[in-house]
Amino acid sequence: MKIIVVDDEPIIADTLVNILAGEGHDAVAVSDGQSAIKWAQMIRPDAIVTDVIMPGIDGIETAKAITEFLPNCRIILFSGQAATGGLLAKALAEGCSFEVLAKPINPDVLLEKLKVQ
Amino acid sequence: MGHGRWDCRLFVDLGMTNPSMLVNIRGTELSASDTREQYRQKLARITLDSMVQFVGLLDANGTVLEINHGTLGAAGIQLSDVEGKPLWTTFWWQVSKEINKGLRDAIRRAAQGECVRWDTEVYGRAGGKETIIIDASLMPVKDEYGKVVFIVIEGRDITKKKIISDISAHKEAEEASRLLAAIVESSDDAIASKDLNGVITSWNQSAERLFGYKAEEIIGKPVTLIIPPELHQDEPMILAKIRRGERIEHFETVRITKTGEHIDVSLTISPVKDADGKIVGAAKIVRNITENKKIERALRTTEKLAAAGRLAATVAHEINNPLAAVTNLVYLSKRDADDSKKVAEYLDLASRELDRVAHIARQTLGFYRDTSSPIHFNVAQALDDLLLLYANRFEGRKIKVIKQYDEDIQIIGLAGEIRQAFSNLITNSIDAMPAGGSLLVRVSKSHAWTNSQASGIRITILDTGSGIAPQHMGNLFQPFFTTKEDVGTGLGLWITRNIVEKHGGVIYVKSRTGPTQHGTAFSIFLPLEGKDNHQEPDVTTGASSKSAISSGVANA
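Heads up: the sequence lines are chains A and X, in that order.
Position 17, counted from 1, in the first sequence is what this note's numbering calls 17; the numbers after and before it change by one each time, with no gaps.
Position 229, counted from 1, in the second sequence is what this note's numbering calls 229; the numbers after and before it change by one each time, with no gaps.
Just chain X, with the same shape it has in the complex:
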């Protein structure tokens, strides 16, 4: 292949027909006398200079060795303006500190052999303020030992592409916000927003429906317009939380509509931040829970009625038995009117039965109130009286009673009430042993479980009955809680606890429901000197569980 043929082809390709004509492109002269090597180098030069993208060669330290002609021309500078200078000191890279640092970091990485590519903003012309965005890359060039000796820099102007993609991103964002607005508008929950001064800034259709205010009439008005006057003090609290960036969830409160109707609502309020993350207001979702509240109230009333019904049934039953006995005794008294001894006996029994009726009425309807003053009384004696009272029932059910009294201990308290507390526990034990068993009644000197300084007595009433199911332990001392649906009022243990606490004491229960090991033990601690004895029993606070009461289930 001869040299001349190469020449010919080139000249033909360049559209030149006269091979003798010299070609000069930006100072690179092609000549027919060039050697093939010279010729190729010149072509490379022409290629480089003709490129519109940024092409340059740096040494491994980032010093400019060469930059293509197209780039220099576009920038309005000569190679000599930048040759020998670190690239990051050239005008292109002075847009910002970050951009400059981005280049230096890239050069450092390229010098270590890494190919680096990134989008960056640079100045387009020396002395100009206009910037362009380039897709820049640094390619390390290694020598035969693998050492980086040069770095090739390329940069393609992608400003237009970037603008187009920004526009489409903006369009997407607009589309998304339109969609969000549509969702907010069509939501079934009322959604509104307010600024940090409590002025309403937005109001959706559901809010219009719920409150009766149109968006245009309420936007710009204070939110207190929909808050009942008595709750106005809540608003500064809500705003303060929002300012701290806190969210308020499911806050149940009352709001007021345009027509003045009070509605039960559940509020969820979240802080709204601007693009810089600064809290500028709050968005609130308002759910109308008026119906739920109505149902809740109806349910509570139903529960109360059911409890009252159970109480009435119990009273009827409890009163019926003594009434039946009295009816029979009156009949017998009339029949045996001539036998005054017999009549006296019947009347005596009848009056005892009537006492029972009175006792039941007091216990179930009025919560036994002992109006007498606290007195010294003997606990063992009080228990003995009770056990005697129930002797018939123990006998009927084949319940064996075991008494363990340490010694005769006197305490100060309301004898009638304490007797009733014991009585409730003993009757529970009887009910728990329909098929017989043992009842242990123990009285011993003791100290308060929480305070060893406080001395008092401990009364334990233990039965071998069926035991209390673990799921019932938590409700044991709640009023109207009963497992004896037909006969229990669910007041006994609640009353007992009230009496014990009123005397400064504590009550504790343990129970087992195992197949062989079963039964229940109630322990009561009473201080020797009862406290607050003159205070009336507070029936209303009895329902709240107090920490002094604890219950546990022993291993079954």
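Chain A with its partners taken away, still in its complex shape:
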């Protein structure tokens, strides 16, 4: 699977990419939403794993932008912040519902999720 991992904390993005690569995925790490959208246009990933609260475009906006040109792209959000609830409610009101995992994510859970289509 081609996966883009988005987190403004490089160590989280990098370790996730390492984990995903170990399971045979073709994963790339980026540190913000804007880069994620650019990469998505180039490599047309099967899934996006992104943090929600980030400087610049947040994870939900990023996911919405990507699903516009890649409607079948899997979106997995992860967040450890209360503010996420408000953002998700807003996204839901606009007709987008996304899977959200609590941060920190258990890598096994993430890998399981990616196996289930």
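Simulated from the structure, these hints should not be mistaken for lab results.
Warning: the hint list may mix true and false statements.
Simulated crosslink set (DSS-like; lysine-lysine; CA at most 27 Å straight-line) [said to hold, decoys possible]:
#1 Lys97(X) <-> Lys162(X)
#2 Lys64(A) <-> Lys398(X)
#3 Lys241(X) <-> Lys221(X)
#4 Lys42(X) <-> Lys142(X)
#5 Lys334(X) <-> Lys2(A)
#6 Lys85(X) <-> Lys97(X)
#7 Lys90(A) <-> Lys64(A)
#8 Lys510(X) <-> Lys445(X)
#9 Lys38(A) <-> Lys398(X)
#10 Lys38(A) <-> Lys241(X)
#11 Lys171(X) <-> Lys160(X)
#12 Lys160(X) <-> Lys221(X)
#13 Lys160(X) <-> Lys101(X)
#14 Lys142(X) <-> Lys85(X)
#15 Lys2(A) <-> Lys342(X)
#16 Lys400(X) <-> Lys445(X)
#17 Lys38(A) <-> Lys90(A)
#18 Lys101(X) <-> Lys162(X)
#19 Lys115(A) <-> Lys334(X)
#20 Lys113(A) <-> Lys38(A)
#21 Lys101(X) <-> Lys113(A)
Ranges between beta-carbon positions, derived for each pair [unchecked claim]:
#22 Gln41(A) <-> Lys398(X): 19 to 29 Å
#23 Asn378(X) <-> Leu92(A): 30 to 40 Å
#24 Leu92(A) <-> Gly212(X): 54 to 64 Å
#25 Ser97(A) <-> Glu261(X): 48 to 58 Å
A short, non-exhaustive set of chain A residues, derived as facing chain X with CB atoms under 10 Å [claimed, not checked]:
#26 Pro10
#27 Ile12
#28 Asp26
#29 Val28
#30 Ile76
#31 Gly80
Note that the Cβ used here is the ideal one computed from N, Cα and C, for glycine as well.
With chain A fixed as given, assemble chain X onto it according to the hints.
For chain X alone, coordinates are given in the frame of chain A:
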């Protein structure tokens, strides 16, 4: 028109039918042989003498020339008793010095051509003590050249009228005071009065309701009855102010009811004066503010809870990131267990992340306390270490770092704390530049801004970020003040200021929020020899703003 016809008519008018009969009125004899002129003069005399009001003629100096018979008779004197004497020396005008002077002033004015009219008190009879009130007037009489030669004095007794109007004024005053009493009685605020010894002299219905004492049971008792014992010392202070004629407004204190309940009240106490203006007591309006106080306290608790909530959210978030990294690193360590080199690398990273967690816990929950002793340390080196620590974040945000270090300067202080103060400023700058910018870090030798004798160093941390809105400048150093609602604890600058002050330093901020010119500069002055370094940081006094801290906004 013949002379006889005049006579006839007069005699008929007087009710006399025999024209040959002589008429004598108070020594003025009318005779049929009088010429018309004599006749008219006699009539004038009779008119004057018959008048009951005071009528007299004075010369321009106020000397009595003539006074009517009615007045003289009523006074029990002869014209000769007063004729040729200045009017103000006559018995009528000896009631008081003021009344006498009032007449002399009036005569002086009349002599200058003015008509003068005034109400005055005069004696009614010579030798008597009874006074009457007259509506007096002086009319100047001028000769053909306009010179005042005579003054006509008139006076009408208005004593009865005056008494009647006084009675009605008194009635009005009584009515007004009844109305005032009704207002006081029906007021929602408790209104009471006390004398200068603190003894209660009046007590309205609201006071009865508020304190539970009936008027009859508390009037005459000391006011300390409703003051909690621990506040009794306030009463002499209040009474002293009242004696000086001062008013006490909205004095918030506690009072005690009959049942012993403590109530929060706002007092307004005003001195009460008697008719002579002497302070005889105090009137107090007592407003029950217990409910307001409860709401205020609830609000404060809510604010504290909200602040604690924000802090908890921040800690959760700040700890989540390193935790996520450690979770992944543990997973990788297990996966690559055979590759000891890789595992060592993961564990190394994991331990760094755990350090971060520890640091966050220390900073947000405990206020970083450096228990070590002050040491000589190199400020530029400390800043370099920090900049290296944040290198990833600078890179991620495309922030260009410019360093300007004068020379290597050593100061004495708690290295850990000072590093934290710098760190808080640098992370604020990073947060202010989400889309990149420049960060200038400057260290130079300097003198204290307030004391050129004290030498030290100045550290400037300047960013080209969004800047601080002018309305936030005043709260910048307050604890729990943050504009970063989701991620800020609002403690960073407060902690920074505490650390700087603890080292005898000062922190100053300038900021611009203009469209092209924007950014923030923090300057810290630290003396070369830190002061009071052994003292524990005092977290409780940190909230009070100190004069050493000043902030200003540069022209945007």
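Hints versus structure:
1. Lys97(X) <-> Lys162(X): holds, 22 Å
2. Lys64(A) <-> Lys398(X): Holds. Lysine 64(A) to lysine 398(X) sits at ~26 Å (cutoff 27 Å).
3. Lys241(X) <-> Lys221(X): Distance ~21 Å between lysine 241(X) and lysine 221(X) Cα, so the pair holds.
4. Lys42(X) <-> Lys142(X): Holds. Lysine 42(X) to lysine 142(X) sits at ~23 Å (cutoff 27 Å).
5. Lys334(X) <-> Lys2(A): Holds, at about 24 Å.
6. Lys85(X) <-> Lys97(X): Holds, at about 18 Å.
7. Lys90(A) <-> Lys64(A): holds, 12 Å
8. Lys510(X) <-> Lys445(X): Since the Cα atoms of lysine 510(X) and lysine 445(X) sit roughly 20 Å apart, the hinted pair holds (cutoff 27 Å).
9. Lys38(A) <-> Lys398(X): Holds, because 18 Å separates the two Cα atoms, which is no more than 27 Å.
10. Lys38(A) <-> Lys241(X): violated, 77 Å
11. Lys171(X) <-> Lys160(X): The given pair, whose Cα atoms are some 16 Å apart, holds under the 27 Å limit.
12. Lys160(X) <-> Lys221(X): violated, 46 Å
13. Lys160(X) <-> Lys101(X): holds, 25 Å
14. Lys142(X) <-> Lys85(X): At roughly 21 Å apart (the allowed maximum being 27 Å), lysine 85(X) and lysine 142(X) satisfy the hint.
15. Lys2(A) <-> Lys342(X): holds, 25 Å
16. Lys400(X) <-> Lys445(X): Holds: lysine 400(X) and lysine 445(X) sit about 24 Å apart, inside 27 Å.
17. Lys38(A) <-> Lys90(A): holds, 24 Å
18. Lys101(X) <-> Lys162(X): Judged against 27 Å, a Cα distance of about 22 Å means the pair holds.
19. Lys115(A) <-> Lys334(X): holds, 21 Å
20. Lys113(A) <-> Lys38(A): Distance of about 25 Å is within 27 Å: holds.
21. Lys101(X) <-> Lys113(A): violated, 114 Å
22. Gln41(A) <-> Lys398(X): 19 to 29 Å: With Cβ atoms ~21 Å apart, the hint holds.
23. Asn378(X) <-> Leu92(A): 30 to 40 Å: At 54 Å between Cβs, range violated.
24. Leu92(A) <-> Gly212(X): 54 to 64 Å: holds, 58 Å
25. Ser97(A) <-> Glu261(X): 48 to 58 Å: Given a distance of about 57 Å, which is inside 48 to 58 Å, the answer is holds.
26. Pro10: holds, 6 Å
27. Ile12: holds, 5 Å
28. Asp26: violated, 18 Å
29. Val28: Violated, about 16 Å.
30. Ile76: violated, 14 Å
31. Gly80: holds, 3 Å
Of the numbered hints stated above, those contradicted by the structure are hints 10, 12, 21, 23, 28, 29, 30, listed in ascending order.
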